[in-house]
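Keeping their order, the protein sequence lines are chains A and B. Quick note on numbering: the first sequence equals residues 1 to 113 in the numbering used here. Quick note on numbering: the second sequence equals residues 114 to 224 in the numbering used here.
None of these hints come from the bench; they were simulated from the model. Be aware that one or more of the hints could be misleading.
[To be verified] Derived DMTMM-like pairs (lysine to aspartate or glutamate); straight-line CA-CA distance at most 25 Å: (1) K194/B <-> D38/A; (2) K168/B <-> D101/A; (3) K11/A <-> E152/B; (4) K11/A <-> E79/A.
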Amino acid sequence: EAAVTQSPRNKVTVTGGNVTLSCRQTNSHNYMYWYRQDTGHGLRLIHYSYGAGNLQIGDVPDGYKATRTTQEDFFLLLELASPSQTSLYFCASSGGGSNSDYTFGSGTRLLVI
Amino acid sequence: GQGVEQPDNLMSVEGTFARVNCTYSTSGFNGLSWYQQREGHAPVFLSYVVLDGLKDSGHFSTFLSRSNGYSYLLLTELQIKDSASYLCAVSPYQGGRALIFGTGTTVSVSP
Numbered sequence: 001e002a003a004v005t006q007s008p009r010n011k012v013t014v015t016g017g018n019v020t021l022s023c024r025q026t027n028s029h030n031y032m033y034w035y036r037q038d039t040g041h042g043l044r045l046i047h048y049s050y051g052a053g054n055l056q057i058g059d060v061p062d063g064y065k066a067t068r069t070t071q072e073d074f075f076l077l078l079e080l081a082s083p084s085q086t087s088l089y090f091c092a093s094s095g096g097g098s099n100s101d102y103t104f105g106s107g108t109r110l111l112v113i
Numbered sequence: 114g115q116g117v118e119q120p121d122n123l124m125s126v127e128g129t130f131a132r133v134n135c136t137y138s139t140s141g142f143n144g145l146s147w148y149q150q151r152e153g154h155a156p157v158f159l160s161y162v163v164l165d166g167l168k169d170s171g172h173f174s175t176f177l178s179r180s181n182g183y184s185y186l187l188l189t190e191l192q193i194k195d196s197a198s199y200l201c202a203v204s205p206y207q208g209g210r211a212l213i214f215g216t217g218t219t220v221s222v223s224p
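Model the full assembly from the supplied sequences, consistent with the hints where possible.
This is how it looks when you write it as structure tokens:
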């Protein structure tokens, strides 16, 4: 079954720590996205990609890097984590057509202490 | 700037209906989607509209007016389990294929 799988499900790190969030999709989609979700802000786009090796900057990119290593795999990197990055992170994929095929992963809850 | 606006909360009664409003202002328009989201879980796709008018999907219906930058999600025959957050998302022409999300409306259905 086509899906978007995120790991880890939960993560705790210290301020200044290094964190990598992983996302894999088996939908054969071209586009992949990283969002963060916070109370009062909704889902905000961090980075996205339309293919392996491609990276596009989203609306809230500061403090985040991302890398699309293959069609299936998209990683979000926090190299110096800060408490303001405590959030619920979602990965999504889409084929780039009508967006009715936008598919989300189950989310990663990150706590930076 | 671009934005999608939704009311924060909506309360209704089991067996009746709830209308969740969404207004948007974007540089372009390539469709509007509605999602249901439960606390701590991923958004679940409900509906996608790109043409004006009412799209009846049974328990969920959606309306779109592109000239007014307005949409609503209509939930009929409400059940307690319909209590959730409902997200409106717009796909503009620019920015690749990324969706711009509203903050969501929390619908609470009481007995």
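Here is what the structure says about each hint:
no., hint, in the structure
1, K194/B <-> D38/A, "holds (23 Å)"
2, K168/B <-> D101/A, "holds (18 Å)"
3, K11/A <-> E152/B, "holds (18 Å)"
4, K11/A <-> E79/A, "holds (14 Å)"
Hint check: no violations occur; every hint is consistent with the structure.
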